[in-house]
Each structure stands twice: as structure tokens, then as C-alpha cells.
Amino acid sequence: MIAILFLSVTMWTLALYKGLCFIHEARKEKTPAKCLEMYQNEPERCKKGLPVWQFDILAQYMSTSCKDPELNRELLNSVRVRHEFNTMCYIGTILLLAAAAPLLGLLGTVSGMISSFDVIAQFGTGNARALASGISEALITTQSGLVAAIPGMLLGGVLFSKGEKLKSRMEIFCISLQEQTDGLNVYGE
Amino acid sequence: MKIILYTLLLSLSLTQGAQAQDWADTAKAVGSVVAKVKQNAEETKSIIAREQNELNAEKNKLEKSINSKQKTFDAIKTKYDELLKQEEQLNKELATQSQEIKTIDGTIRTSAKQAQDYFHESLTSPEYPERNLVLEEVLRPERFAGLTGIRNLLTLFLNEMTASGEIKRRNGEFTGIDGTEKTGELIRIGSFTSAYRQADGTLGFLRPSPSGDKLIAVKGAPGWGLSKTMNSFFDNEGTAFPVDISNGAAFARLAQEQKSIREWLSAGGLLVWPIILVGLVAMILVIERFYTLSKVRSNSDRNMEIILKMVLNNEWEQCQDFCKKQSKYPTCRIIGHTLNYIGEAREIIENAFQEGLLKELPILERSLPTLSVLAAVAPLLGLLGTVTGMISTFQIITLYGTGDPRMMSGGISEALVTTQLGLAVAVPIMILHHVLERRVDKIIGDMEEKGAGFAVALMKKGPLEKKDKDNATI
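Taken in order, these protein sequences are the chains called Z and A.
Counting from 1, one number per residue, gives the positions in the first sequence under the numbering used here.
Counting from 1, one number per residue, gives the positions in the second sequence under the numbering used here.
None of these hints come from the bench; they were simulated from the model.
Mixed in with the good hints, there may be bad ones.
[Unchecked claim] Subject to a maximum C-alpha distance of 25 angstroms in a straight line, what follows is the list of computed SDA-like cross-link-like pairs (lysine to any residue):
id: 1; chain 1: A; residue 1: Lys219; chain 2: Z; residue 2: Val158
id: 2; chain 1: Z; residue 1: Lys167; chain 2: A; residue 2: Glu437
id: 3; chain 1: A; residue 1: Lys442; chain 2: Z; residue 2: Val158
id: 4; chain 1: A; residue 1: Lys113; chain 2: A; residue 2: Asn91
id: 5; chain 1: Z; residue 1: Lys165; chain 2: A; residue 2: Asp441
id: 6; chain 1: Z; residue 1: Lys162; chain 2: A; residue 2: Glu127
id: 7; chain 1: A; residue 1: Lys219; chain 2: Z; residue 2: Lys167
id: 8; chain 1: Z; residue 1: Lys162; chain 2: A; residue 2: Ile431
[What the hints assert, rightly or not] Label pairs and their calculated CB-CB ranges:
id: 9; chain 1: A; residue 1: Met283; chain 2: Z; residue 2: Leu5; range: 44 to 52 angstroms
id: 10; chain 1: A; residue 1: Phe290; chain 2: Z; residue 2: Val158; range: 28 to 36 angstroms
id: 11; chain 1: Z; residue 1: Val158; chain 2: A; residue 2: Phe394; range: 22 to 30 angstroms
id: 12; chain 1: A; residue 1: Gly403; chain 2: Z; residue 2: Val158; range: 53 to 61 angstroms
id: 13; chain 1: Z; residue 1: Leu5; chain 2: A; residue 2: Asn314; range: 41 to 49 angstroms
id: 14; chain 1: Z; residue 1: Ala33; chain 2: A; residue 2: Phe290; range: 45 to 53 angstroms
id: 15; chain 1: Z; residue 1: Glu25; chain 2: A; residue 2: Glu263; range: 37 to 45 angstroms
id: 16; chain 1: A; residue 1: Ile306; chain 2: Z; residue 2: Glu70; range: 40 to 48 angstroms
id: 17; chain 1: Z; residue 1: Val9; chain 2: A; residue 2: Asn314; range: 40 to 48 angstroms
id: 18; chain 1: Z; residue 1: Val158; chain 2: A; residue 2: Asn314; range: 26 to 34 angstroms
id: 19; chain 1: Z; residue 1: Ile23; chain 2: A; residue 2: Ile245; range: 49 to 57 angstroms
Being a predicted model, the structure only gives us computed values, none of them experimental.
Idealized CB from N, CA, C, for every residue including glycine.
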């Protein structure tokens with residue numbers, strides 16, 4: 001029971017944290033062209049005004065890019081992979097906790113049944129009151145396991161799809177960033 | 001009568017008539033005789049009359065006394081009849097009263113019997129050894145207890161009432177769990193709970209013995225928290241004490257909850273052992289993984305900066321040395337490996353990097369798949385145990401029917417224990433596997449990123465490398 005409570009508290013904290021992060025980041029998100037412009041014109045404001053991933057990719061790319069476009073793409077890829085990893089961080093955990101909650105509930109069910117069968121072994125089936133305590137333990141844990149799991153699964157799913165969308169946005173951002181900087185380089189030359 | 005007498009005298013004189021000379025004498029004699037006779041007759045007559053009178057008087061007297069006697073007799077008889085009636089009535093009354101007394105006697109006996117039963121199970125009895133004597137006196141057959149008996153019984157009940165409202169500390173004897181006599185501090189709280197503390201600090205609860213005159217220690221020691229409160233109460237510091245208001249059922253649970261792990265496992269049947277084996281293997285793997293991964297640093301941002309600076313300054317040798325020194329970072333190991341191919345074409349360098357990565361991967365990911373398999377296998381084994389247990393339960397049902405729930409509980413507890421164990425093993429493995437996987441993913445991500453950054457840095461140096469290469473060939 002305590003384990004389920006702990007698990008669901010952890011799960012909800014992570015989910016809320018992750019959800020707030022997503023909302024916060026999505027509000028600050030800008031188009032690649034604007035990002036570049038901001039980076040070149042006012043680099044101090046850039047760090048606060050852009051989401052962490054956009055700024056990070058931008059900064060790393062601008063500082064390390066070279067003339068070879070293929071290498072640039074690879075570089076961008078690797079930076080992106082890191083941010084994708086960060087994006088999906090905790091979502092897997094949330095899903096896993098949501099999957100573990102019903103298992104813990106089942107565990108509670110089984111131990112409740114064991115205690116009620118112990119009661120049967122001791123007092124026979126006559127003592128309904130003693131039986132009921134074990135059964136209620138069994139049912140309450142199952143219930144709380146499911147109660148913890150269902151919203152966890154839904155939240156995890158929502159966050160997962162959000163993360164996937166963010167990933168695809170990152171990819172688009174990287175591609176357009178490269179296009180634009182390549183253009184710049186061309187113009188610069 | 002006179003005539004008779006005259007004739008008699010005449011005849012007498014006639015007989016003597018022959019004697020003429022004596023006639024006158026004779027006449028005279030006869031005359032005197034007659035006179036005498038007359039006198040006698042007179043006397044006799046008077047006597048008779050007197051006696052008659054006396055008799056009459058006597059008769060009257062007797063008749064009177066008879067009358068009075070008859071009267072008294074009648075009076076007594078009526079009295080006797082009355083008394084008879086009274087007796088009958090009283091007998092009737094007696095019959096009804098004896099019924100009542102029988103009822104009262106029965107009530108007293110029943111309550112005495114109840115008291116005996118109650119005191120047998122009461123924690124207060126060992127403090128009042130005289131109780132049994134009183135009860136035996138009251139319960140003695142074919143004798144009415146009487147007012148003293150009733151009073152004694154009442155006193156017993158009143159004593160019990162007062163005893164059930166007090167907390168009593170004393171030193172006394174009790175029978176330990178192992179059956180030996182022991183002494184220690186005893187505390188009794190009302191008629192609910194009694195506990196002991198021995199001189200060596202062992203604590204425990206007490207219950208009355210079957211005969212009611214002794215206390216027996218309850219099997220199963222109180223836990224750490226309970227012991228603390230109990231100790232502080234024994235030391236007169238605390239005010240709280242654990243009380244069993246369920247008349248012993250809680251103590252039974254206490255003993256039951258402290259079933260040893262071995263008993264618990266043996267209840268699970270044979271399938272417990274593979275599950276435990278799975279758990280052990282998984283634990284060993286997890287520990288090994290945590291140990292290995294704790295030595296591996298995942299984030300090498302700072303090192304990368306240093307390396308890139310070195311690369312910028314063409315300090316290849318130092319770079320290699322640095323990489324060797326920081327070999328607990330897998331990223332550095334790979335870069336060190338890649339540095340051997342400096343000056344080759346880009347494809348070759350990339351290939352070298354990939355090779356280094358592929359070399360590192362198995363070390364990092366080793367036994368993670370096994371862990372996930374184990375996490376999947378444990379609940380399956382539990383399920384298998386469930387099914388096995390249910391099968392044995394149903395076999396018992398086919399043999400003996402459902403009459404005895406105790407018979408069936410063996411199979412059911414086997415089923416449940418294996419399920420429980422399977423789940424208890426699987427959930428932690430699952431979570432730990434996830435944690436480890438995340439960590440490995442992070443390390444791999446870091447390696448790939450840093451590798452790409454390194455490659456870019458190398459490529460920027462393109463012309464210099466060629467120079468180096470030229471130098472080398474010359």
C-alpha cells in the first residue's frame with residue numbers, strides 16, 4: 001500500500017514536472033530564422049528567450065560548424081540525439097511506474113488473500129469479520145494500484161506523443177538551421 | 001320382704017314347736033330375733049338408702065364429668081381439624097416455596113458456574129487464589145449455598161469489577177514460552193492485557209492458563225516499536241501501552257504475523273525455489289551492473305573541452321596521454337582509439353570511431369537483456385505456482401470434498417505465495433532494469449555526441465593533418 005502510494009506520488013511529480021517543462025518550452029519556441037537572427041544580434045537575450053534545446057543546438061552548432069555540410073549534419077544529428085534523449089527522459093519512467101502499479105496492486109491482493117486464508121486456517125470460515133479484513137486489504141490495494149496506473153498510463157501516453165512531436169520539431173529545426181547557415185556560408189563566401 | 005322374713009321365722013318356730021315348754025322362751029326369743037331382724041332390716045334399709053344416695057350422687061358427678069370431657073374432646077377435635085387444614089395449607093405453601101428456592105439455587109449455581117468459567121479466562125484470577133475455594137463452596141452439590149455463599153459470590157464479582165478498572169504492577173511468576181517457570185515484573189491493565197518484563201529485558205504478553213490460576217507467556221515477541229512503548233511504560237515514563245481489547249485474538253495474530261520466512265517459503269511449495277533463484281541471479285546482475293556503471297562516468301563535457309583545445313593546438317601526443325589517463329570515461333577511450341587513425345581519410349576515422357563504439361557497447365549493455373528476461377520470467381513462474389497450487393487444491397477437493405477448509409488452504413497458500421513472490425521479485429527487477437537502461441542510453445548518447453564533435457574538430461584541422469601526414473611520409 002505504501003509502495004503504491006510512493007510510486008504514484010513519484011509518478012505524478014514526474015508527470016507534472018515534465019508537462020510543465022513541455023508547456024514552458026513550447027511557449028518560448030521560435031522559428032529557426034528568428035532564432036538565428038536573435039543569436040547573431042542579441043546573444044545575451046537569446047539564452048533566456050529561447051527554449052533550452054533550441055539555444056543549445058544553436059550555440060553548439062554555431063561554435064563548432066565547419067564547411068563540410070555532411071559533417072555539419074552529423075554534428076547536428078548528434079546534438080539532436082542528446083536533446084531527444086533529454087526530452088524523453090522521465091517519460092519512460094512514468095510509463096514504467098504506471099505499468100508497475102497494477103503489479104504492486106496484484107501483490108497486495110495476493111498478500112491480502114494469504115492473510116485471509118491464514119484466518120480460515122485458524123478460525124475456519126465462521127469468523128467473517130476476521131476474513132473481511134484480509135479481503136478488504138486485497139481489494140483496496142488492487143483498487144489503488146489501478147487508480148494509480150490508469151491516469152499514469154494516460155499521462156504517459158500524452159507526454160510520449162508530446163515528446164515525439166517535439167522530437168520531430170527538433171529535426172525540422174536542425175534541417176532548416178543547416179539550410180540557412182549553409183546559405184549564409186555561401187553568401188559569406 | 002317382711003312377709004318372707006315372718007314366714008321364715010314361723011317355720012323356724014314350727015320346727016321347734018314340739019318343745020312346748022320352751023314356747024314362751026321361744027316366743028320371746030323369736031320376738032327378740034324379730035326385733036333384731038327388724039332392726040337389721042331398718043339398718044340395712046338405711047344403709048341401702050344411703051348407698052343409693054351416694055351412688056346417685058356419684059352417678060351425677062360422673063355424668064357431669066363425662067359431659068365436660070365430651071365437651072373438651074369436641075373442642076380438641078375441632079381444633080385438630082383446624083390444625084389439619086392449616087397443615088395442608090402450609091404444605092401447599094411449602095411446595096410452592098421450595099420451587100422458588102430451587103429456582104434461586106439454580107440461579108446461584110449457574111452464576112457461580114459462569115463466574116468459574118469467566119475467572120478461568122480472566123487475567124485477574126492469578127492475583128486472587130482464594131476465588132476457587134469460594135466457588136467450590138457455592139458449587140457443592142446437594143447443599144444450598146445460603147446467604148453467606150451468595151454474599152461471597154457477589155464479593156467476587158465486585159472484586160472483579162474493581163480489578164477490571166485498575167492498572168496493577170507487581171512482581172510475580174508466570175510460565176514462559178518454553179514452559180519453564182519464570183519471574184519478572186508484571187503489569188495488568190484492566191482485564192484486557194497483561195504483560196511481563198523479565199530481568200534480562202525480554203518483553204511479552206501474557207494470557208491466563210487453561211486452569212485459570214497461572215499466567216502463560218504468549219508466543220511471538222512484540223516488535224521494536226511496541227517494545228519501546230512497553231519499556232517506557234514499565235519504567236514509569238510513558239503513558240501509552242498496547243492493549244488487546246479483542247480477548248486474545250490480536251495476540252494470536254501477533255504470533256502468526258511473526259511466521260518465519262522459512263515457514264512462509266515452505267508454504268509456497270517447490271516453485272518458490274526457481275523464483276528465488278531468478279531473484280538472486282537478477283540481484284547479482286544488478287549489483288554487478290551498478291558497480292560497473294558507477295565506475296563509468298557518463299558526462300564528459302569538461303574532458304571534451306580539454307581534448308578539443310589540445311586538438312586545436314595540434315598536441316596529439318598529450319591528447320592521447322590525457323585520454324589514457326581518463327580511461328574511466330568511455331568517450332575518452334573511444335577518442336583515444338580514434339586518435340590512432342589521425343591523418344587518414346574521413347571515412348576511415350569515422351569507421352574507427354564506430355569500431356570503438358561497438359567495442360564499448362557490449363560492456364555497457366551486458367546482461368541488461370538478461371535482466372529484462374528475468375523480470376518477465378519471475379511473474380510467469382509465480383503464475384505457474386498459482387496454477388500448480390490450484391491443481392493440488394482441486395485434487396484435495398476431489399478426494400475429500402469441500403468440507404474442511406483447512407485441507408484446501410495448503411494448496412491455496414502455495415498458489416498465493418508463489419504469485420506473491422513472483423511479483424515481489426519482478427517489480428524491483430523491472431524498475432532497476434529501467435534505471436540501468438536509462439543510464440546506458442545516456443552514456444551511449446554522450447559518446448556519439450562527443451565523437452561527432454571530435455570528428456568535426458579533426459576535419460576543421462584538415463590541412464594541418466595533411467601536413468602532419470606529409471611530414472610523416474617524409
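Hints and how they fare:
{"no.": "1", "hint": "Lys219(A) <-> Val158(Z)", "verdict": "54 angstroms, violated"}
{"no.": "2", "hint": "Lys167(Z) <-> Glu437(A)", "verdict": "20 angstroms, holds"}
{"no.": "3", "hint": "Lys442(A) <-> Val158(Z)", "verdict": "23 angstroms, holds"}
{"no.": "4", "hint": "Lys113(A) <-> Asn91(A)", "verdict": "32 angstroms, violated"}
{"no.": "5", "hint": "Lys165(Z) <-> Asp441(A)", "verdict": "20 angstroms, holds"}
{"no.": "6", "hint": "Lys162(Z) <-> Glu127(A)", "verdict": "75 angstroms, violated"}
{"no.": "7", "hint": "Lys219(A) <-> Lys167(Z)", "verdict": "63 angstroms, violated"}
{"no.": "8", "hint": "Lys162(Z) <-> Ile431(A)", "verdict": "23 angstroms, holds"}
{"no.": "9", "hint": "Met283(A) <-> Leu5(Z): 44 to 52 angstroms", "verdict": "25 angstroms, violated"}
{"no.": "10", "hint": "Phe290(A) <-> Val158(Z): 28 to 36 angstroms", "verdict": "32 angstroms, holds"}
{"no.": "11", "hint": "Val158(Z) <-> Phe394(A): 22 to 30 angstroms", "verdict": "45 angstroms, violated"}
{"no.": "12", "hint": "Gly403(A) <-> Val158(Z): 53 to 61 angstroms", "verdict": "54 angstroms, holds"}
{"no.": "13", "hint": "Leu5(Z) <-> Asn314(A): 41 to 49 angstroms", "verdict": "60 angstroms, violated"}
{"no.": "14", "hint": "Ala33(Z) <-> Phe290(A): 45 to 53 angstroms", "verdict": "46 angstroms, holds"}
{"no.": "15", "hint": "Glu25(Z) <-> Glu263(A): 37 to 45 angstroms", "verdict": "55 angstroms, violated"}
{"no.": "16", "hint": "Ile306(A) <-> Glu70(Z): 40 to 48 angstroms", "verdict": "27 angstroms, violated"}
{"no.": "17", "hint": "Val9(Z) <-> Asn314(A): 40 to 48 angstroms", "verdict": "55 angstroms, violated"}
{"no.": "18", "hint": "Val158(Z) <-> Asn314(A): 26 to 34 angstroms", "verdict": "51 angstroms, violated"}
{"no.": "19", "hint": "Ile23(Z) <-> Ile245(A): 49 to 57 angstroms", "verdict": "54 angstroms, holds"}
Hint check: violations occur at hints 1, 4, 6, 7, 9, 11, 13, 15, 16, 17 and 18; the rest are consistent with the structure.
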